[in-house]
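Work out the full structure, taking the sequences as your base and the hints as a guide.
Quick note, the sequences are listed as chains E and A, same order. Under this note's numbering, the letters of the first sequence match residues 1 to 300, in that order. Under this note's numbering, the letters of the second sequence match residues 301 to 503, in that order.
Check each hint, because a few of them may be wrong.
To be verified - Computed list of chain A residues with no C-beta within reach of chain E, every gap over 12 angstroms: (1) 433; (2) 473; (3) 501.
Claimed, not checked - Distance condition first, Cα-Cα at most 20 angstroms in a straight line; then the derived EDC-like pairs of lysine to aspartate or glutamate: (4) 383/A - 151/E; (5) 497/A - 403/A; (6) 497/A - 340/A; (7) 60/E - 459/A; (8) 478/A - 52/E; (9) 458/A - 52/E; (10) 391/A - 151/E.
Derived by calculation from the structure, the hints in this document are not laboratory data. Glycine included, every Cβ here is placed at the ideal spot set by N, Cα and C.
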Amino acid sequence: MGRVLITAVMALTLLGAVLSAKAQNPFIAKESPPEASAAPCIPHPFINRIGDWQQQLNQKMAVLTREARERGGLRPLLTLIAIAFLYGVLHAAGPGHGKAVATSYLLSRGRKLSGGILLCNSIAFFHGLSGVVLVLAVHFVLKRGVTGSLESVTRTTQLISYSLIVLVGAVLLTKSLFSWRSQPGNEGSNQRHASEEKKRTPLAMALAVGVIPCPGVVLVMLFCLSLNTMGLGLLLAFFLILGMAMTISAIGVAGLAGKNLALGALERRHRLVKIFQRSIESAAALLVMVLGLLFLATTL
Amino acid sequence: MNSRVSGTLALAAFLLFVSADVSNSHPHVFIQNSLRIVFDQQGLAGVRVKWVFDEFFTSMIADEFDKNHNNKLEKPEIIDIEKGAFANLVKFNYFSSIKINREAFTVEYVRDFSASLAGGNLIYNFVIPCHVKAITTFKEFVISQYDPTYYTRVAFAKDRPVSLEGAPAFEVSYRISKNVKEAYYYGQVHPVEVILKFKRRHG
Numbered sequence: 001m002g003r004v005l006i007t008a009v010m011a012l013t014l015l016g017a018v019l020s021a022k023a024q025n026p027f028i029a030k031e032s033p034p035e036a037s038a039a040p041c042i043p044h045p046f047i048n049r050i051g052d053w054q055q056q057l058n059q060k061m062a063v064l065t066r067e068a069r070e071r072g073g074l075r076p077l078l079t080l081i082a083i084a085f086l087y088g089v090l091h092a093a094g095p096g097h098g099k100a101v102a103t104s105y106l107l108s109r110g111r112k113l114s115g116g117i118l119l120c121n122s123i124a125f126f127h128g129l130s131g132v133v134l135v136l137a138v139h140f141v142l143k144r145g146v147t148g149s150l151e152s153v154t155r156t157t158q159l160i161s162y163s164l165i166v167l168v169g170a171v172l173l174t175k176s177l178f179s180w181r182s183q184p185g186n187e188g189s190n191q192r193h194a195s196e197e198k199k200r201t202p203l204a205m206a207l208a209v210g211v212i213p214c215p216g217v218v219l220v221m222l223f224c225l226s227l228n229t230m231g232l233g234l235l236l237a238f239f240l241i242l243g244m245a246m247t248i249s250a251i252g253v254a255g256l257a258g259k260n261l262a263l264g265a266l267e268r269r270h271r272l273v274k275i276f277q278r279s280i281e282s283a284a285a286l287l288v289m290v291l292g293l294l295f296l297a298t299t300l
Numbered sequence: 301m302n303s304r305v306s307g308t309l310a311l312a313a314f315l316l317f318v319s320a321d322v323s324n325s326h327p328h329v330f331i332q333n334s335l336r337i338v339f340d341q342q343g344l345a346g347v348r349v350k351w352v353f354d355e356f357f358t359s360m361i362a363d364e365f366d367k368n369h370n371n372k373l374e375k376p377e378i379i380d381i382e383k384g385a386f387a388n389l390v391k392f393n394y395f396s397s398i399k400i401n402r403e404a405f406t407v408e409y410v411r412d413f414s415a416s417l418a419g420g421n422l423i424y425n426f427v428i429p430c431h432v433k434a435i436t437t438f439k440e441f442v443i444s445q446y447d448p449t450y451y452t453r454v455a456f457a458k459d460r461p462v463s464l465e466g467a468p469a470f471e472v473s474y475r476i477s478k479n480v481k482e483a484y485y486y487g488q489v490h491p492v493e494v495i496l497k498f499k500r501r502h503g
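Okay, here's the thing in structure tokens:
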């Protein structure tokens with residue numbers, strides 16, 4: 001029963017992630033559009049509303065940015081910051097922000113929430129930073145338009161990112177499979193080594209997932225550069241990233257909490273917990289790898 | 301397995317499902333579209349499309365294509381925009397889905413593309429040629445515009461989303477409604493359609 005559910009969970013997460021992998025700009029992308037969907041119609045009740053909200057926030061953000069630039073003053077600035085944050089929260093609810101990979105990764109690792117939050121925040125940070133760096137580099141160093149560069153940089157970073165994800169997945173899976181064989185007595189001696197490693201791998205994972213520049217941040221930065229207000233652009237990008245970090249963390253933590261709840265319920269049967277935990281972790285590690293491969297396949 | 305475990309697993313499944321599901325709402329570009337449905341002497345002749353883009357996408361396109369940065373698009377710049385940020389939409393049938401008497405009509409080409417900048421917004425205008433002869437009984441013409449990838453969110457403009465041109469010789473009625481029998485983006489969003497009926501007036 002448990003495994004069936006876990007498999008179902010994984011399949012659904014996988015589906016969500018694969019669907020989201022195709023998020024190329026249709027105005028310039030070289031790729032063909034997806035085939036018309038033969039999937040059953042299960043419209044998401046909130047999708048349209050979230051889209052509406054985003055559209056309204058998007059308009060408001062543009063108007064307020066102009067206002068803040070032209071008139072100055074603290075009030076439009078504070079409203080603007082709040083809107084940028086909210087926009088980030090909604091924006092990260094979309095595909096391409098590594099939530100499926102992050103959740104699978106967290107499921108394959110330990111049970112600490114703090115580690116999960118750190119990972120998710122780092123993903124958002126790298127994802128946004130990559131967008132900021134791209135815009136500044138293309139604008140000030142190459143002095144070119146960003147449209148074409150965004151397309152090619154996105155593709156290159158996607159290839160790097162997905163290859164890294166496959167690699168991390170493979171390492172996790174190998175470790176997870178080895179842990180099935182290790183005896184309970186050996187665990188203590190490996191602990192220090194393992195805890196050191198746990199500090200390093202989340203950052204590698206966050207870098208792997210977050211290296212692709214975030215189009216949302218790119219657009220906001222470009223808009224502010226067109227108004228000659230780079231400082232405002234950086235400020236908005238920062239709050240957008242903060243908003244995204246919140247959504248990604250919430251989803252990652254929800255996944256981890258789900259795992260902990262399930263394991264907690266089994267707590268009294270110690271042996272079962274171990275088997276169960278390892279099953280989840282191996283399956284999730286496999287999933288990280290498979291997701292990376294699937295992303296790679298859609299990009300190549 | 302006891303019921304508590306199943307319960308918590310179901311909860312975990314639900315949370316993950318929600319996370320996978322929500323992950324599909326992701327517009328980056330926003331378009332407000334309005335459609336002008338054009339008639340000639342024979343009947344329906346086509347649709348004049350106007351797309352008004354959000355200011356962020358506008359600044360990206362202007363940054364790349366408004367070479368002299370005068371906030372105006374001149375002829376050579378418009379030609380570049382058509383090549384660099386419009387022609388590719390042929391793969392997406394220009395985000396347009398049309399049905400004539402319930403049969404699909406594929407939009408393979410458009411005419412008269414132009415682009416302009418107004419009030420901080422990029423505007424695209426183009427015409428979808430589509431001739432449907434009017435007879436003395438009603439024919440039905442249905443059009444909806446959406447990006448199947450949802451990278452772009454296309455929504456009808458609040459002010460005059462649909463208008464008619466050259467229609468006095470015909471009896472025409474239309475309404476805008478959501479088609480709940482169809483859905484795009486992996487079955488998650490319903491298209492909003494203009495359903496137009498027209499016939500030749502008697503005498």
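Taking only the CA atoms, is the gap from residue 478/A to residue 52/E under or equal to 20 angstroms? 15 angstroms, holds
Closest CB-CB distance from residue 473/A to chain E, is it above 12 angstroms? Nearest chain E Cβ is 26 angstroms from residue 473/A, so the label holds.
Far enough from chain E: is every CB of that chain over 12 angstroms from the CB of residue 501/A? About 37 angstroms separates residue 501/A from the closest Cβ of chain E, which puts it past 12 angstroms; holds.
Sort out whether residue 459/A lies within 20 angstroms of residue 60/E, counting only the CA atoms. 18 angstroms, holds
Satisfaction of hint between residue 151/E and residue 383/A, Cα-Cα up to 20 angstroms: Answer holds: residue 383/A to residue 151/E is near 15 angstroms, not above 20 angstroms.
Could you grab the alpha-carbon distance between residue 458/A and residue 52/E and see if it respects the 20 angstroms cut-off? Holds - the C-alpha atoms of residue 52/E and residue 458/A are around 13 angstroms apart, at most 20 angstroms.
Is residue 497/A within 20 angstroms of residue 403/A, Cα to Cα? Holds: residue 497/A and residue 403/A sit about 14 angstroms apart, inside 20 angstroms.
Does residue 151/E lie within 20 angstroms of residue 391/A when you go C-alpha to C-alpha? 17 angstroms, holds
Mind verifying the non-interface call on residue 433/A? Its CB should be farther than 12 angstroms from each CB in chain E. 28 angstroms, holds
Given the hinted pair residue 497/A and residue 340/A, is their alpha-carbon gap at most 20 angstroms? Status holds; Cα separation ~15 angstroms.
Checked against the numbered hints given earlier, this structure breaks none of them.
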